[in-house]
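Visitor: The chain contents come next:
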Amino acid sequence: MNIERLVSMANQIGTFFATDPDADAASIGIAQHLASCWAPSMRQALLDHLDDRNGEGLVPIVGKALRDHRERLAGRRGHP
Amino acid sequence: MSMHSHHDRGTPARVSSRQVTLSIDGMTVTVPAGTSVMHAAAEAGVDIPRLCATEQLEAFGSCRLCVVEVKGRRGYPASCTTLVEEGMQVATQSDALFRLRRGVMELYISDHPLDCLTCAANGNCELQDMAGRVGLREVRFADGANHLTEAADTSNPYFAYDPAKCIVCSRCVRACSDIQGSFALTTTERGFDTRIAAAGGDDFLASECVSCGACVAVCPTAALMEKSVIELGQPRRSVTTTCAYCGVGCALDAELQGDRVIRMVPNPAGGANRGHACVKGRFAWGYATHADRITTPMIRSSIHEPWQAVSWEAAINHAAAEFRRLQEKYGAESVGSITSSRCTNEETYLVQKLTRAAFGVNNVDTCARVCHSPTGYGLKQTLGESAGTQDFDSVMQADVVLVIGANPTDGHPVFGSRLKQRLRQGAKLIVVDPRAIDLVDTPHVRASQHLKLRPGTNVALVNALAHVIVDENLLDEAFVAARCEAEPFAKWRAFIADPRHSPEATAAVTGVAATELRAAARLYATAGNGAIYYGLGVTEHSQGSTMVMGIANLAMATGNIGRPGVGVNPLRGQNNVQGSCDMGSFPHELPGYRHVSDEATRKQFEAAWGVPLSGEPGLRIPNMFDAAIGGSFKGLYVQGEDIAQSDPNTRHVTAAMEALECLVVQDLFLNETAKFAHVFLPGASFLEKDGTFTNAERRISRVRKVMPPLAGHADWEVTQMLANALGYPMHYADPAEIMAEIARLTPSFHGVSYARLEELGSIQWPCNEAHPSGTPTLHETEFVRGKGRFMLTEFVATDERVNRRFPLLLTTGRILSQYNVGAQTRRTANTVWHPEDLLELHPVDAEDRGIRDGDRVGVASRAGETVLRAKISERMQPGVVYTTFHWPGSGANVVTTENSDWATNCPEYKVTAVQVSRVEQVSAWQQQYARFSAEQAALLKDRSGTKAADAPV
Chain A
1 MNIERLVSMA NQIGTFFATD PDADAASIGI AQHLASCWAP SMRQALLDHL
51 DDRNGEGLVP IVGKALRDHR ERLAGRRGHP
Chain B
1001 MSMHSHHDRG TPARVSSRQV TLSIDGMTVT VPAGTSVMHA AAEAGVDIPR
1051 LCATEQLEAF GSCRLCVVEV KGRRGYPASC TTLVEEGMQV ATQSDALFRL
1101 RRGVMELYIS DHPLDCLTCA ANGNCELQDM AGRVGLREVR FADGANHLTE
1151 AADTSNPYFA YDPAKCIVCS RCVRACSDIQ GSFALTTTER GFDTRIAAAG
1201 GDDFLASECV SCGACVAVCP TAALMEKSVI ELGQPRRSVT TTCAYCGVGC
1251 ALDAELQGDR VIRMVPNPAG GANRGHACVK GRFAWGYATH ADRITTPMIR
1301 SSIHEPWQAV SWEAAINHAA AEFRRLQEKY GAESVGSITS SRCTNEETYL
1351 VQKLTRAAFG VNNVDTCARV CHSPTGYGLK QTLGESAGTQ DFDSVMQADV
1401 VLVIGANPTD GHPVFGSRLK QRLRQGAKLI VVDPRAIDLV DTPHVRASQH
1451 LKLRPGTNVA LVNALAHVIV DENLLDEAFV AARCEAEPFA KWRAFIADPR
1501 HSPEATAAVT GVAATELRAA ARLYATAGNG AIYYGLGVTE HSQGSTMVMG
1551 IANLAMATGN IGRPGVGVNP LRGQNNVQGS CDMGSFPHEL PGYRHVSDEA
1601 TRKQFEAAWG VPLSGEPGLR IPNMFDAAIG GSFKGLYVQG EDIAQSDPNT
1651 RHVTAAMEAL ECLVVQDLFL NETAKFAHVF LPGASFLEKD GTFTNAERRI
1701 SRVRKVMPPL AGHADWEVTQ MLANALGYPM HYADPAEIMA EIARLTPSFH
1751 GVSYARLEEL GSIQWPCNEA HPSGTPTLHE TEFVRGKGRF MLTEFVATDE
1801 RVNRRFPLLL TTGRILSQYN VGAQTRRTAN TVWHPEDLLE LHPVDAEDRG
1851 IRDGDRVGVA SRAGETVLRA KISERMQPGV VYTTFHWPGS GANVVTTENS
1901 DWATNCPEYK VTAVQVSRVE QVSAWQQQYA RFSAEQAALL KDRSGTKAAD
1951 APV
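Chains A and B are the protein sequences, given in the same order. Position one of the first sequence corresponds to residue 1 (my numbering), numbered consecutively onward. Position one of the second sequence corresponds to residue 1001 (my numbering), numbered consecutively onward.
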């Protein structure tokens, strides 16, 4: 699994929730979706990308969701 | 004539609030008003002789054999067309009636061959029975004109038409029109010259006949007869089971001689099919005993080495050892499983249980990932339950039907016929589809609106429909206020009212004129009961889940949910795709759609299964592929799926398969995926095992074993052996025990058991303390989640867009005679109708490229290129091309991309930007595929091993 693909998938999720006029609700929605549907290793890879490459390619609302809900989203490192 | 015909009451049952009491042969009978005298007599145990009448068809009154006497009336009325009246006194036996009936029979037999002893219908012929009933002893007119020398039409692969044996009762013509709705059969000429003919061709095969078999089922003689019966003789016993093809889930009777299937006939009591079937379920079951079946377990260390046939014990132990080795070396999460939507609920449940309890991971997924996973997500978010809301009977109460991205007459043909019946009664139809599917304009059915949208613009269209409903005050305000959450609705109302969602604004995106769209929205919202049926044309998009939510919004906004005749109805693809999802096949959900992170649910399963369970979601199928290519996912157990053919971007999938160190495939055949396998475990067809399937209307139906498993074990037994070899004990005696565990652990299944299924025939879940007989209609008084939730559904254009290099949009689908990857139907005579996948394109696009019908054309996308033959068709709109994926060598999925639904990763099969051009030879991928397949065939042929390998563990 390459990080470009994860970034692209996360951005798609972000775009759906971005419609919500309440930015905090959108951020929670993104985090909830990632937590409930993505394997921990995929979430951790995205967080590592946020840390290592400043989340290059991520739309801002996804970056915000990752930062706001880091603890909830952190997972095991494993699958690249 | 099926073995069930003996219980036929001659004309259909009627439902009425008014009861009528009459006397038949001195017996008092009370029946609903509108009932025929023939049917009433049957209720009283009096079987009136008949030939043209059958319970499955409306009365016709042509044979005159069913005449009766009615006190106070002159003449001898036909009991099939005479309706009961209060106080009526009917006599079914008298000397006059005896003479009349015998005279009628004499005339029939004067033009019928007297070859009963060698006739295929011998012993099961209504004409023969009636001749006996009326005491026919001589035929005085045998030397007159007759049709006895007319040649039989044997063109259809499954049944023959022998006009010499036809009595022109028109049952077949009426079955074709009234039940199937094809109107392919007709009567020609008049009087003595009247004959039955298939329209639109010189013979049955070339005609418009769709080979549903309804005509054969109702034929009272051997005029229309299954070739299998002609060749093998009449069946002696019958076992009721459930079709293993599409999500309609037809109840079928396997009629047998010993363990040999002679024919499959639809069961009239079937809740899903009401006595009808299609060319696949009715006839295409020969794959079960095809020579390609592999019945010996095999192993090999590399996919470039010959297979070694081994015992079940050796194969299972080898697979288990490999999975344990991989988990030790690469970590627990390095392995996973894929459950099958073609296998039973019990088998699917065991595979996910093995994954969670024996592997200790949630890396389990199912083929719903690539079809209806957005349905599960979208309906759960809005309505609270990941399933369709109605039963199929519901369509008969619909006033307007909105069919979106589905082609029921091909994909779900028995439901398609039912829908056409309702449309012929006057219900309105709106079709939303880029192609002109058959329903748009078919005999006696024409859509009021065909919204021929551009692929990839569903959400813009559904938003525009909702906009009109809000804009023109067509909302069901009372329903919304009572049944839906107020705040999300207020948010949605403001969102959808924005002019950017108006039909006038979206027309440029969707290609649908605003006037047409407004008319469709008004029709749906105001015609009475509005029902939505949708298929993969909704889900297989980058916004598949958004579209499902948009559909649910539409139904809630108009109050079209919670009663018969309305609802949101996903037409599920495979026979048990609903069941496989129900059984916990998704990596984030335990059985019953309960999230793995839910502490209480997990503890319940941990207590029952005796192991700790992970509370984190596992990998989905595309995640598994990516992880395999990335090097962290190494072992996969695939039961009854062919991901190497069905999943998008074939080269990506096969790269993932090649990266695995242990691929275990359990299947009937060495399918495309098995060519990459290291362990092959022989599967069992639906004829070889017990279990249950759950269809698109949540109907749980029994699958019953009619023959022993060819390889010695049903699939559930194989999974159980694998679990035991992995060190996790499973000791189920039979599938009933597995269902008992499912029922114990799953609230919506609490009331389900094999005993209850025997009692009720089938059960629509939820079936529990609150609904002991099941639930035909969901959300009747409140939504499963309490209040319905409107969701915001902004249209986001897919990344897959046309450009100079790829100026056309490819959309893929399926056709009537073939089923998904074709592993089953390609091994039947159905290939006569579809010997290869074709590329359909509009005449304008063909002309621009100098393409003629039948030319070889290259289809190239950013993912890959394949070559198909062209079929020029005005079904298509300019700019859109279409193909099917039933033949692996066609490489349809070499072209599709890994673009997927934002919420579920369901692939965007319906939108791929491509270029099409004339070519002279197959593509590089196809050449490579042919070489690889030849190599795998040779490795299979060269397999080593002994007969002893077949011995069961």
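Hints are not guaranteed to be accurate.
Dumping the calculated SDA-like pairs for lysine to any residue here, alpha-carbon to alpha-carbon at most 20 Å [unchecked claim]:
1. B:Lys1871 x A:Asp22
2. B:Lys1603 x A:Arg67
3. B:Lys1380 x A:Ala35
4. B:Lys1380 x A:Ala23
5. B:Lys1491 x B:Val1796
6. B:Lys1491 x A:Ser36
7. B:Lys1787 x B:Glu1477
8. B:Lys1603 x B:Lys1491
9. B:Lys1491 x A:Asp22
Have a look at the derived ranges for each label pair, beta carbon to beta carbon [claimed, not checked]:
10. A:Pro60 x B:Arg1801: 51 to 57 Å
11. B:Pro1612 x A:Gln32: 21 to 27 Å
12. B:Ala1332 x A:Arg72: 19 to 25 Å
13. A:Glu4 x B:Glu1920: 52 to 58 Å
14. B:Arg1805 x A:Gln32: 37 to 43 Å
15. B:Asn1473 x A:Pro21: 49 to 55 Å
For the record, the hints were derived by calculation from the structure and aren't laboratory data. Keep in mind that this is a model prediction, so the values were computed, not measured. Just so you know, even glycine gets a beta-carbon here, dropped at the ideal spot from N, CA and C.
Visitor: Which hint numbers doesn't this structure obey?
Guide: 1, 2, 4, 6, 8, 10, 13, 15
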